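**Student:** Listed here are the chains, written in short residue letters.
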Amino acid sequence: MSWHVDHELLVHYQGGRLGDTASFSVEAHLVGCAPCRRLISDAIDPARRDQLWAGVIDRMDWPDPRRAERALARVGVPAHTARLLATTPSIRMPWLLSMVTVLVAAVVASHSFGEGPFLFLVVAPLVPVAGIAVSFGRSIDPLYEVGLATPTGGFRLMLIRATSVLVSSLAVSMVPAVLLTEARWMVVWMIPALAVTVLTLLVSTVISVSAAAGVVCTLWLVGVAMTELGASTRYAAFGASAQMTFGGLALGSAALLMIRRQSFERVGHDWKETG
Amino acid sequence: MNNSIELEGVTKRYGSVHALDRVDLTIGSGITGLLGPNGAGKTTLLRILATVLAPDSGATVLLGRDPAMSDDRTEIRRRLGYMPQEPGFYRNFTVFEFVDYVGILKQITDRSQRHDEVRRVLDHVDLTEVARRKIKALSGGMRRRLALAQALLAHPDLLLLDEPTAGLDPEQRLRFRAVVSQLPNRPVVLLSTHQTEDVVALCERVIVLASGVVRFDGTPMTMTEAARGRVWTATEQDIGALLSWRMGDGKFRHIGDPPAGAAQAEPTIDDAYLLLAGRDALTVAS
Ligand SMILES: Nc1ncnc2c1ncn2[C@@H]1O[C@H](COP(=O)(O)OP(=O)(O)O)[C@@H](O)[C@H]1O
Ligand SMILES: [Mg+2]
Chain A
1 MSWHVDHELL VHYQGGRLGD TASFSVEAHL VGCAPCRRLI SDAIDPARRD QLWAGVIDRM
61 DWPDPRRAER ALARVGVPAH TARLLATTPS IRMPWLLSMV TVLVAAVVAS HSFGEGPFLF
121 LVVAPLVPVA GIAVSFGRSI DPLYEVGLAT PTGGFRLMLI RATSVLVSSL AVSMVPAVLL
181 TEARWMVVWM IPALAVTVLT LLVSTVISVS AAAGVVCTLW LVGVAMTELG ASTRYAAFGA
241 SAQMTFGGLA LGSAALLMIR RQSFERVGHD WKETG
Chain B
1001 MNNSIELEGV TKRYGSVHAL DRVDLTIGSG ITGLLGPNGA GKTTLLRILA TVLAPDSGAT
1061 VLLGRDPAMS DDRTEIRRRL GYMPQEPGFY RNFTVFEFVD YVGILKQITD RSQRHDEVRR
1121 VLDHVDLTEV ARRKIKALSG GMRRRLALAQ ALLAHPDLLL LDEPTAGLDP EQRLRFRAVV
1181 SQLPNRPVVL LSTHQTEDVV ALCERVIVLA SGVVRFDGTP MTMTEAARGR VWTATEQDIG
1241 ALLSWRMGDG KFRHIGDPPA GAAQAEPTID DAYLLLAGRD ALTVAS
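Just so you know, the protein sequences line up as chains A and B, in that order.
Using our numbering, read the first sequence as starting at 1 and increasing by one per residue.
Using our numbering, read the second sequence as starting at 1001 and increasing by one per residue.
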């Protein structure tokens, strides 16, 4: 290393007046440089030194928490829960970007066919369902078995991840939703989205998560098509009475999910030997 | 506090396969080896003890609690360390991040306490040097040690290790033995293996499992004695023996019933294993 900590830098560092980057490079330097460590040790009182040093070691071992975690911490989510939320596979950038792409494509296609927001409304509720399919479970999570054997267990971890999927899907869908001209289309997909997501979780107690997602997607598409064909007005699948139905479906599924929650605590019937 | 596990009539079937067939066992603190060939039911048994699999029938009491009850199960999981046979990893996590993540799952919520614990277990398995390295850059032996490290978090009273020495070279195997034999507080340790050396080197007690049935339960020494009188040396090959091979000195060693003109030989634990587990044992031994 070509530089050392001089007196001025030291005074600023001690007083906590260096920015994050500068502090960090001083700390990185200290880890490797014994003379500078001594300089610092001599300049400050032992209790404060130990405290500083513990902080340095902590940061060296544990690089910056990811951006998502920091944001969650800022809104009051405990750090350990934030970590569990942030490790959900479907909130990674590539996944979110691909979902935005699909939704924007749906909006554009819908408009060019003169269908208004229709395709967007059909696709948006499937975004969290797809997110669920890639976010937890027997065949997705390499730490599935280790996680099950901890007190957090299967159900709690699933709920945490599902929350993460729902919130991120909502955020992602808002991007194309603001492209829509009428405000009401920005929200009518939300209750259906919640309903199909909870239904997917419920179905995953009897078949694998990915199969459950497939089944629910199909049910949704068929259901929307039947409703639209059978109704005298367009957008019947998103009208007031449909919203009531979906609200009921979401509540009913949630209740059954609570009853079935034990099935998340054991490896399932679809558990395959890996080796 | 009750540090033992008790199984009574535990049975688990997959279709027509009896992975476990009416297993009765009581295991206390100390290191117990679960020895058996591939397909013997070792992983099935360890999964049941790790509370991640429910048996079809039979009674299980782990650390004084019933894993079928949800509150009891959580309590067992608090005191459990589990290293599955094929532990998965988040490959982009660093070694430290990975163990820290499992620490969160184990609900060590205080950050600095958890980080101290992570440092302790990494030091214990000699991975401190690579704490900041990504998992995808680790060797196979290091990954095994990492899987062991997460199981050691929070000083479990029940430590379950599924084939922890598989794929380790001799030096790594010695280091593994040093780690497991030096755990404080004498937890219940159950480790599965198909290597008799592990059992001799490490275990106070050995349980031989084959085709879902307990074939032997005792010390490694008494296990060896089980083969006395059934191991022979002779000058001719014997086709009637369970196993017969030519040794370095040109004589033939037979396991099974004595052939004509044979002399009784001093048994080894391998001989006993073969006799107890039957021909299945050969699929791994050869
Ligand atoms: N999920 C499963 N589905 C079907 N058969 C299984 C499953 N798990 C284990 N088995 C069968 O149960 C028997 C015992 O397997 P296992 O417990 O993995 O043995 P070991 O760990 O001793 O090799 C084997 O015949 C195996 O094929
Ligand atoms: Mg196995």
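There's no promise every hint is true.
Said to hold, decoys possible - Computed Cβ-Cβ distance ranges for the label pairs, DEER-style: (1) B:Arg1175 - A:Met174: 51 to 59 Å; (2) B:Glu1171 - A:Gly76: 27 to 35 Å; (3) A:Ser139 - B:His1124: 45 to 53 Å; (4) A:Thr163 - B:Ser1004: 33 to 41 Å.
To be verified - Some, not all, of what chain A presents toward chain B, calculated at C-beta under 8 Å: (5) Gly76; (6) Ala79; (7) His80; (8) Ser263; (9) Glu265.
What the hints assert, rightly or not - From chain B, some residues computed to sit far from chain A (all C-beta separations above 10 Å): (10) Ala1054; (11) Asp1100; (12) Thr1109; (13) Gly1141; (14) Val1179.
Calculated directly from the structure, the hints in this document are not laboratory data.
Only a predicted model underlies this, so the values are computations on that prediction, with no experimental measurement involved.
Just so it is clear, CB atoms sit at the ideal spot from N, CA and C, and this is done for glycine as well.
**Student:** Asp1100 (chain B) clear of chain A by more than 10 Å, beta carbon to beta carbon?
**Tutor:** violated, 7 Å
**Student:** Beyond 10 Å from every chain A Cβ: check whether that's true for Val1179 (chain B).
**Tutor:** Non-interface label stands for Val1179 (chain B): nearest chain A Cβ at 19 Å, farther than 10 Å.
**Student:** Just double-check Thr1109 (chain B) for me: nearest Cβ-Cβ distance to chain A has to come out over 10 Å.
**Tutor:** Thr1109 (chain B) is in fact no farther than 10 Å from some Cβ atom of chain A, at 5 Å.
**Student:** Just to be sure I understand the hint, the distance between the Cβ atoms of Ser139 (chain A) and His1124 (chain B) should be within 45 to 53 Å; is that true here?
**Tutor:** Distance hint for Ser139 (chain A), His1124 (chain B) is violated at roughly 32 Å.
**Student:** Checking hints one by one. Is Ala79 (chain A) an interface residue toward chain B, by the C-beta closer than 8 Å rule?
**Tutor:** Check passed: Cβ of Ala79 (chain A) comes within 6 Å of chain B, closer than 8 Å.
**Student:** Given a hint of 27 to 35 Å, does the C-beta separation of Glu1171 (chain B) and Gly76 (chain A) actually sit inside it?
**Tutor:** violated, 49 Å
**Student:** Is the hint on Gly76 (chain A) kept, meaning its closest Cβ partner in chain B is under 8 Å away?
**Tutor:** violated, 15 Å
**Student:** Evaluate the condition: distance from the CB of Gly1141 (chain B) to the nearest CB of chain A exceeds 10 Å.
**Tutor:** Per Cβ check, Gly1141 (chain B) is outside 10 Å of chain A; nearest 18 Å; holds.
**Student:** Just to be careful: measuring from the Cβ of Glu265 (chain A) to every Cβ in chain B, is the smallest value less than 8 Å?
**Tutor:** Result: holds, 7 Å to nearest chain B Cβ.
**Student:** At the C-beta level, are Arg1175 (chain B) and Met174 (chain A) separated by a distance inside 51 to 59 Å?
**Tutor:** Between Arg1175 (chain B) and Met174 (chain A), where Cβ atoms are some 53 Å apart, the hint holds.
**Student:** Take the shortest C-beta to C-beta distance between Ser263 (chain A) and chain B; is it under 8 Å?
**Tutor:** violated, 10 Å
**Student:** Can we confirm that no CB of chain A comes within 10 Å of the CB of Ala1054 (chain B)?
**Tutor:** Violated, since 5 Å does not exceed 10 Å.
Of the hints listed earlier, those the structure fails to meet are numbers 2, 3, 5, 8, 10, 11 and 12, in rising order.
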